[in-house]
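Fit chain to chain and form the complex, with the hints in mind.
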Amino acid sequence: MEQDVTQALRREEKITLALRALYEQYGFRKYRMGKFEEYELYMENKSFLKNPNIITFHDLDGRLMALKPDVTLSIAKNTRATAQSSEKVYYLENVYWLEKQSGGYKEVNQLGLESIGRLDAYSYYEVMLLAQETLKAISESYRMQVSHIGFWVALLDGLSIEEAVRPELFSCVHGKRLHELKALLDGAGVAPFAAELIMQAASLCGDFAKTLAAARRIAISNGMTDALNELETVYGLLSQNGGAEGMTLDFSLVNDCDYYDGLIFQGYVEGVPRALLFGGYYGKLLRKFSRNLDAIGFAVYLNELDVLFRSQRGADVDALILYDETADLSALKIAADSLRARGDGLRVRVEKKIPEDLRYQKAFRFTESGLEEVTGDA
Amino acid sequence: MLNIALPKGRLGDQVLSLFSKIGFDCGGIYDGDRRLVLESPENGVRYLLVKPSDVAIYVEYGAADIGVVGKDILLDGSPDVYELLDLNIGKCRICVAGPEDYVEDRESVLRVATKFTKVAQNYYNAKNREIEIIKLNGSIELAPILGLTDVIVDIVESGRTLKENHLKVLETVCPISARLIANRASYLFKNDVITSITEKLREVLPQ
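Sequence order for the protein chains is A and B. Counting from 1, position 12 in the first sequence corresponds to residue 12 in this note's numbering; the numbering is continuous, with no gaps. Counting from 1, position 171 in the second sequence corresponds to residue 171 in this note's numbering; the numbering is continuous, with no gaps.
Think of the hints as simulated: they come from the structure by calculation, not from any bench. Glycine included, C-beta positions come from ideal geometry on N, C-alpha and C. Incorrect hints may appear among the rest.
Stated by the list, open to error - Sample of chain B residues with no beta-carbon within 12 Å of chain A, all distances over it, derived:
{"hint": "1", "residue": "L49"}
{"hint": "2", "residue": "L84"}
{"hint": "3", "residue": "E100"}
To be verified - Calculated cross-link-like contacts (lysine-lysine; reagent style DSS-like; alpha-carbon spacing at most 27 Å):
{"hint": "4", "chain 1": "B", "residue 1": "K118", "chain 2": "A", "residue 2": "K100"}
{"hint": "5", "chain 1": "A", "residue 1": "K35", "chain 2": "A", "residue 2": "K77"}
{"hint": "6", "chain 1": "A", "residue 1": "K136", "chain 2": "B", "residue 2": "K115"}
{"hint": "7", "chain 1": "B", "residue 1": "K118", "chain 2": "A", "residue 2": "K46"}
{"hint": "8", "chain 1": "A", "residue 1": "K100", "chain 2": "B", "residue 2": "K135"}
{"hint": "9", "chain 1": "A", "residue 1": "K46", "chain 2": "A", "residue 2": "K14"}
Okay, chain B solo, but in the shape it has when bound (with noise of 0.2 Å):
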């Protein structure tokens, strides 16, 4: 049985589709209910239904052999494993946004509020500028208008979320897209199935 880790919510709804594709329907069992396990033991796959930040270490963890997870997370926690496929979809950016009307202070130390503290870290220090990072886990868009600090590094996808709160993105850090990555034991002790998975998923990916 290979176990399958994937982030709840709509970027699940898009691979479990994929994976139906490939031959590894669950359609038939996943009804948007509450479960956390789906088990398709015809095609010997068991989904792991689990918070979008947890798959790499369900993953690295080896309780999962392979998962599919947002780029954000691989990029902030470093797991190590391997990364096998950009699957093109749950598309995004990571991007520093400021106010409408911000205008950088050189002189001073810039203060960064985000929840991706590793990624907003290494992007100021490959740049050489001094910042402080407070972290945050939600509604990050805030901390810029309450003046907590002077931009934020987040997800943007359309851009209205900043939009609405009169925030502009002022740089892109790095553009986001879901993965397919696997354990590193897993990857050697079930490699025909998982190459194979691989492979398949290769074929039927979104261009």
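Looking at chain A on its own, in the form it has when it is part of the complex (with noise of 0.2 Å):
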């Protein structure tokens, strides 16, 4: 009997082998990884990492190892790209997290895919537009917001703005709570003309070509032109296709600058709370571990889907068949059987009493003249 068996699948997992199977289209090949990671590899780069609470544990060898919180140290880490040589992998690995609400940690499923080796938009432009994909993929409504931390690390070069400023004003840029930059760079001792540049750059939100003419009004030095010009060649070629659609250019996209260096990019869907996707550039973690490549990348943790299809989850089968002792086994079988070769996939569970939790589409009673389909409550 032939059948397909991706019925059987829920719908966070038909996307993850539809992603995966987009993923190769593009000449990503799938990179699997140990579960372990020497704790020394997240020591050593505490501020690449979003969550610094890590789960560790001693090997049996006395080494110190620690349970994944994060999967691109890894790939950067042990990248076999060179100059000369570019790689393309993609991955499904669970990773694991301090939850801020319970304190305790938690399993994620993250699906991402990362891109090594001598870049140029071009590539850049492909990473950006299977995020896109990705996000079309879980849904038809979603939306992606694009930054450049170029531009930001360019602007407050060009204005001296000293790094101890830096963090709180990310921080206040990062919540668009312009009215605390404001007094920040005020008690900061910064010029007038520097502070109205640096409130413009972060006020600059909204349609991708009308924001990224704004930013160009705004631009002070060849670092920012560098950036707004990458930013407009991965636009246009996204653009080409229709695939600019949803996409917003918010320069208050400024978290995780230890992390990433250069193009940055968050994505939603309606539906979930909170970006489920978070992709960028990290050159500057290459170059940590003395690599002069150019890396671009995203995760999309797959958690996040199951409270949006929670609501939309259908029945757990499609038939109910309800026997008593009374009933002639062999043609309760019989009717089973039959049941179920009626449809294509057809889930029938046959149960003497309907238990608690299920959900069905329908329910019948099977009795000497076959099945009779239950209407109201069974």
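Rendered as structure tokens:
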């Protein structure tokens, strides 16, 4: 009996399979890694971790090991990419994080991809396109916020803003706390014209092309212009096949500045209250591993899909057959089999009593004369 | 429908009055009763009246699109939300307070009673002062009186409660006021209405 086995998969699993096929179409190869990593890797690169709380344990040989809190760090450390040979990989892995509300650890299922080597705007376009296709596969109603850390660093360098002020400055920008940003700049003795430029940059948000044009008006250095040119090229390529839909340019997106140092983007789908896709350029991390290479990638947190699809999930079975002790079991078997044969992958469950937590489409009672559909409360 | 989380109590009343000024009136349906949800379908908004400390959670987790919350709650919970506006209402300060005759012993670990544990820890970390925090949820002023702690870190509005308990403000940690916050996803998917509300509120804010 030939049957589409994917019918048994949950929607999240189907999406994951479809995305893996998509990533392979673009030449990304599956990357499988061990469950643990030496803790030392995370200790030495703590600033690159979104969540520094790590589950550790001692291996039998005494080494301190960690359950992975992050996949990119492992890929970046072990990449085979060189200046002559790039590497494109995708992965489906579990990572372990401390959850803020419960204060306990949780397992997060993460699907992502990384492109490492001597890259250019074409590679960035491809990764951003795949990020967008990933969001589209999850929901037709999606948004992708894009920004560029290089734009901010060039602006702050150009205005000689002290390093000590920058973490709080970025925190204000990321939270759109413009009222506090103004007070911070005044308090730090930033010159009025410089403060005004920073306030303008922090407010740049909206339609991609219009925001890009507004950003060009405040570009005061080559570094800022380079960042904007990169955004424009990638946006141009994405626009060619209508791919720039749902994209906004929002320069308040400046989190994870230690992790990303170029293009940065985040993805949202309607119905999930927080970003579920995070990505960007992380050449700085590669340089930390003494590799002078470019790297860009993204990860989507599949756990968030549970929130999205929970309400859309249908019945557990299509048909429930109820029988009693007087039933002819042979006739019951024939009736159940014939019901299953009616539809491709039709899910039929046979029970004497209705299980408490079972959701079913239709219920039938098995009698001497065959199956009788039960209407109303079975 | 835009869901707006507001803190129950006096601050909530002030905020409802601000929203009615910008055309999102629910005066006709709010009469101080115990309902937790007030709907104004003609304005496309639903007000959720929740415990002040829960407003940010409702917004961060998307049960509310926007909300109004005291800065003290934001500082202590660090929710991942946009903070769009300082509403300049509900003004007060978070202060360090101690007995009227208090003199700090800098050789000892400072014992601090507070419900704002994160704010207190950050404040003393910045001063490189070693402290021991004792978390209390109410009647914080009792702690130094009974010798439970040396000082307290708490909200001070008029200073009357402190005075009545023979305590005084020793240092101001930070000023507090009510803030308009927005869920990050709602800000993208309901951008027009959230931006419009923010701009209208900006125009009617007390200076």
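Comparing the hints with the structure gives:
Taking the minimum C-beta to C-beta distance to chain A, about 20 Å, the non-interface status of L49(B) holds against the 12 Å cut. At the 12 Å boundary, the C-beta of L84(B) falls inside the reach of chain A, the nearest C-beta of that chain being 6 Å off. With a cut of 12 Å on Cβ distances, E100(B) stays outside the contact zone with chain A, its closest approach being about 31 Å. For the hint linking K118(B) to K100(A), the alpha-carbon distance of about 13 Å falls within 27 Å, and the restraint holds.
With a CA separation close to 15 Å, the supplied pair K35(A) and K77(A) stays within the 27 Å bound. The suggested pairing of K136(A) with K115(B) is violated, with an alpha-carbon distance near 44 Å, which exceeds 27 Å. The straight-line distance between the Cα atoms of K118(B) and K46(A) is roughly 21 Å, inside the 27 Å bound, and the hint therefore holds. In summary, the hint linking K100(A) to K135(B) is supported, as the alpha carbons are separated by about 18 Å, within the 27 Å threshold.
Under the criterion of a C-alpha separation no larger than 27 Å, the hint pairing K46(A) with K14(A) is inconsistent with the structure, at around 35 Å.
The structure shown violates the earlier hints numbered 2, 6 and 9.
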